[in-house]
Amino acid sequence: MVNFMGTTIALQVLLAPHQTVPFTSLLPIEVSIHNAASTPVTILDRNTPLEPGAGHLGVLKLRDAQTYEEVPIATISASRIEPPLPNEYIEIPPDTTVKRTLELRVDEKDIQVGREYTVRAEGLWSAVWYRALSEIMEEQRDHSLNATTGEFLSNVGRVKVE
Numbered sequence: 001m002v003n004f005m006g007t008t009i010a011l012q013v014l015l016a017p018h019q020t021v022p023f024t025s026l027l028p029i030e031v032s033i034h035n036a037a038s039t040p041v042t043i044l045d046r047n048t049p050l051e052p053g054a055g056h057l058g059v060l061k062l063r064d065a066q067t068y069e070e071v072p073i074a075t076i077s078a079s080r081i082e083p084p085l086p087n088e089y090i091e092i093p094p095d096t097t098v099k100r101t102l103e104l105r106v107d108e109k110d111i112q113v114g115r116e117y118t119v120r121a122e123g124l125w126s127a128v129w130y131r132a133l134s135e136i137m138e139e140q141r142d143h144s145l146n147a148t149t150g151e152f153l154s155n156v157g158r159v160k161v162e
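Residues 1 to 162 in the UniProt record's numbering are what the sequence shown spells out, letter by letter.
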């Protein structure tokens with residue numbers, strides 16, 4: 001759970017603690033979002049680990065586990081349609097975990113076979129409602145009315161490249 005400006009958001013961002021991935025420019029990273037609340041939670045997925053292209057939007061940070069140097073990740077800047085599209089809202093039932101596999105695009109010259117890297121997700125929940133998606137009026141969704149915002153920070157996962 002994250003506390004941001006006095007508001008606690010009952011969403012936990014968890015990365016797989018140990019992953020072994022092939023040596024390639026696209027590193028698959030397993031991420032889970034757990035709703036620890038006793039009610040459904042609906043989120044706008046933009047710039048969160050639940051957005052399909054999150055691996056290219058700067059949500060994940062990769063570092064060499066020995067030197068702690070940040071590994072460059074190819075990122076994009078996305079233009080957004082306003083208001084958000086209906087498929088950009090995700091409802092997570094109470095005490096439920098949603099899993100995704102994100103792809104990090106790296107230059108193969110920046111990673112080495114046999115080496116271990118750390119990965120962490122960090123960013124901002126831009127709109128979180130503690131209710132089912134069906135209970136949120138279109139105007140509330142379109143303008144993030146009555147939504148909570150807050151930062152997220154995952155655990156540190158370890159990725160070994162083979």
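In short, the hints are calculated from the structure, not lab data. Possibly wrong hints are sitting among the right ones.
What the hints assert, rightly or not - Cut-off 30 Å, straight-line C-alpha distance, at most; resulting in silico cross-link-like pairs (DSSO-like, lysine-lysine):
#1 99 - 160
#2 109 - 61
#3 61 - 99
#4 109 - 160
#5 61 - 160
Claimed, not checked - Pairwise CB distance ranges, derived in the manner of DEER restraints:
#6 81 - 132: 20 to 26 Å
#7 140 - 99: 24 to 30 Å
#8 12 - 146: 20 to 26 Å
#9 26 - 68: 30 to 36 Å
#10 53 - 151: 19 to 25 Å
#11 22 - 138: 18 to 24 Å
#12 135 - 109: 48 to 54 Å
#13 25 - 94: 35 to 41 Å
#14 25 - 131: 39 to 45 Å
#15 26 - 64: 17 to 23 Å
#16 145 - 90: 40 to 46 Å
Built from N, CA and C at the ideal position, the CB exists for glycine as well.
Hint check results:
1. 99 - 160: 20 Å, holds
2. 109 - 61: 17 Å, holds
3. 61 - 99: Holds. Residue 61 to residue 99 sits at ~18 Å (cutoff 30 Å).
4. 109 - 160: 16 Å, holds
5. 61 - 160: With Cα atoms ~15 Å apart, residue 61 and residue 160 stay inside 30 Å; holds.
6. 81 - 132: 20 to 26 Å: This hint holds: roughly 24 Å between Cβ atoms.
7. 140 - 99: 24 to 30 Å: Hint holds: Cβ distance 27 Å, inside 24 to 30 Å.
8. 12 - 146: 20 to 26 Å: 23 Å Cβ-Cβ, so the 20 to 26 Å window holds.
9. 26 - 68: 30 to 36 Å: 23 Å, violated
10. 53 - 151: 19 to 25 Å: 20 Å, holds
11. 22 - 138: 18 to 24 Å: 44 Å, violated
12. 135 - 109: 48 to 54 Å: About 50 Å separates the Cβ atoms of residue 135 and residue 109, which means 48 to 54 Å holds.
13. 25 - 94: 35 to 41 Å: Hint holds: Cβ distance 39 Å, inside 35 to 41 Å.
14. 25 - 131: 39 to 45 Å: 41 Å, holds
15. 26 - 64: 17 to 23 Å: At roughly 18 Å between Cβ atoms, residue 64 and residue 26 fall inside 17 to 23 Å, so the hint holds.
16. 145 - 90: 40 to 46 Å: Since the Cβ atoms of residue 145 and residue 90 sit about 18 Å apart, the hinted range of 40 to 46 Å is violated.
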